[in-house]
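Colleague: Chain B: place on chain A using the hints.
Quick note, the sequences are listed as chains A and B, same order.
Using the numbering used here, you'd call the opening residue of the first sequence number 1 and step up by one each time.
Using the numbering used here, you'd call the opening residue of the second sequence number 1 and step up by one each time.
No lab work stands behind these hints: they were computed from the structure.
Treat the hints with care, as some may be off.
As the list claims (entries may be wrong) - Straight-line Cα separation of at most 30 angstroms, BS3-like style, residue types lysine-lysine; simulated pairs:
id	chain 1	residue 1	chain 2	residue 2
1	A	K109	B	K260
2	B	K86	A	K18
3	B	K86	A	K107
4	B	K86	A	K105
5	A	K121	B	K86
Unchecked claim - Each pair of labels, with its calculated beta carbon distance range:
id	chain 1	residue 1	chain 2	residue 2	range
6	B	S81	A	K106	28 to 34 angstroms
7	A	S14	B	G129	55 to 61 angstroms
8	B	K260	A	K76	34 to 40 angstroms
9	B	I93	A	K103	50 to 56 angstroms
Claimed, not checked - To list a few chain A residues with every Cβ distance to chain B over 12 angstroms, as calculated:
id	residue
10	K67
11	T81
12	L102
13	P278
14	N338
Even glycine gets a Cβ: it sits at the ideal position worked out from N, Cα and C.
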Amino acid sequence: MEEHILELNRISKSFDGKMIIKDLNLKIEKNEFITLLGPSGCGKSTTLRIIGGFEKPDTGTVLFHGKDITGLAPDKRNINTVFQKYSLFPHMNVEENIAFGLKLKKKSKAYIQDKIRYALKLVNLEGFEKRETTSLSGGQQQRIAIARAIVNEPDLLLLDEPLGALDLKLRKDMQRELINIKKEVGITFIYVTHDQEEALTMSDKIVVMNKGIIQQMGTSKSIYDEPQNAFVADFIGESNIVDGVMLEDRVVSISGVKVECVDEGFGTDEPVDVVIRPEDLEIREAGKGYFDGTVISVLFQGAYYEIKIRVADTDWISQSVTAPRAGETVGLYVLPDNIQIMHKPRSEDAEVVRE
Amino acid sequence: MKRKYWAAPYLVWVVGFVVLPLITIGVSAMTDDQGHFTWENLLSIGDPINRQALLFSLAIALGCTVICILLAYPAAMILRSLRLNKRGFAILIMILPMWMNFILRILAWQMILSPNGVLNFLIGKLGAGPLQISNSWIALMIGSVYDFLPFMILPVFNAISDIDEDTIEAARDLGANDRAVFWKVILPLSAPGMISGIIMVFVPAMTSFVIADILGGGKIQLIGNIIEQEFTKSMNWHAGSGLSISLMIFVLISLAFTMKNDLKDKGTTIW
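Excised from the complex, chain A in its bound form:
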């Protein structure tokens, strides 16, 4: 068991009577890149603000290196934040921004100069010391914000949708850079985003949240391949989520057809959610798959075609590099391994946690 740098114990928080976080437990290990992922309003930013000290939880405790810091002010925590809107100090130039935290800690001039040079090199903005922050592009400002946080050598760096305001190309570059920075400085990163692709690319561990509850926790691969409930399956990537009935172990009935799968341990004739990723749904000649359906639409997506097929009253999405014609009748097949069976949720926000 590795050392837990941060522990959230039974955290709850509500604003104006509205529950934002419900009884949240989370343990974060040292040197992890952990991402809180969820739609807006799911409580991920509030969780981050509680860790940063900007909000106090109504109940529950925050342990940092095993010490209770629940009521500690932000300036007393060795945790730094990179804000979504960068929040650079407009009255200071780049150098003064980066030096802000170090000057407060009364570090020597030489030390501060060293740190500034190192941090600017880290974020690929060497020679920007004297530039005014207002003259920088959004991407550059965000790099300065990262540099400003990192020079303080925090144990924990919180990133609140730091790439949200950047365009797609820049976001991709910054994702790669952030991973490199993380490797270079060896600081634990807690990253908040609503962009599932960003989460899958960057994280060691993803925490999927919805309605203030952790829906699933695990590596990118486990979250993508084995979503624990319909919310996660739907939120992470594209999915076909259809109703099915579990007839016995390894056999599920979809639209009245018996389909082979690998899941066990469900009740006999239990209604379940069946998840099949579009790229796992193979299009074959009519009659050679589990079902036959009519192609409704074919959309060119660049690297692949997105094909919509109607089988009885169910619409399926498939991704394929070859495209059938619209109106054509085709067969659909899926490998047993690629079917994910999930219990129907008892209530809409039923909690599923998996380490």
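Modeller: Coordinates of chain B only, in the frame set by chain A:
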């Protein structure tokens, strides 16, 4: 361009009420009774009595400005922390006196501060003894601060409320306590508002004469009072104009001197 005509009324205004009067005063200042050119009126600011009044005015105006700044910042910080609906009400309360007649407000202070006034009545109830504030520079200072404070609070509050909460959180995140947040973030970011406030408080405090007339009981001579007397009592318009022009130049220089260090390249709308 047809739209240029729209500026005509303002042009008439500027020429008629700013440029022409300035020229008239300028000419009047640089001539004597016979209409001959002279520097004497302008230089009379250096006469012992005038010089003393000028320095005293400067001291009062500086003191008033500093006190207004010291009062305005806590007020603006409190206003910032209020919820939106309460904030509107609090601002209303603060600027409400501005809607009352200026002379009336000063007369009210005369009543409050007089030997038999409300203040001494209250102090007497506490068993202390009557204060001789009336007709002193203290009364003048109280009146000036009371009158000009809203002109400091409003621009300072506007500047402070424009500061993004995120910026303050970023400072706290980087280890700044309340004190450091104020000195390193709030104060520098609200400097333009403070400078507007300084101009709106310092200049009128420097040149006013009504407050000194009423609260000083005729015993206190600000440079404004001397200029007023040159026009109304001595009927020496040339001397009065000369002093006015000198005072104006003096105010411009002292403001330029104050602003130079603060502004750097940030620039405000004032200059």
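Colleague: Please name the hints from earlier in the document that this structure breaks, with their numbers sorted from lowest to highest.
Modeller: Hints 3, 4, 5, 9, 11, 12 are the ones this structure does not satisfy, whereas the remaining hints hold.
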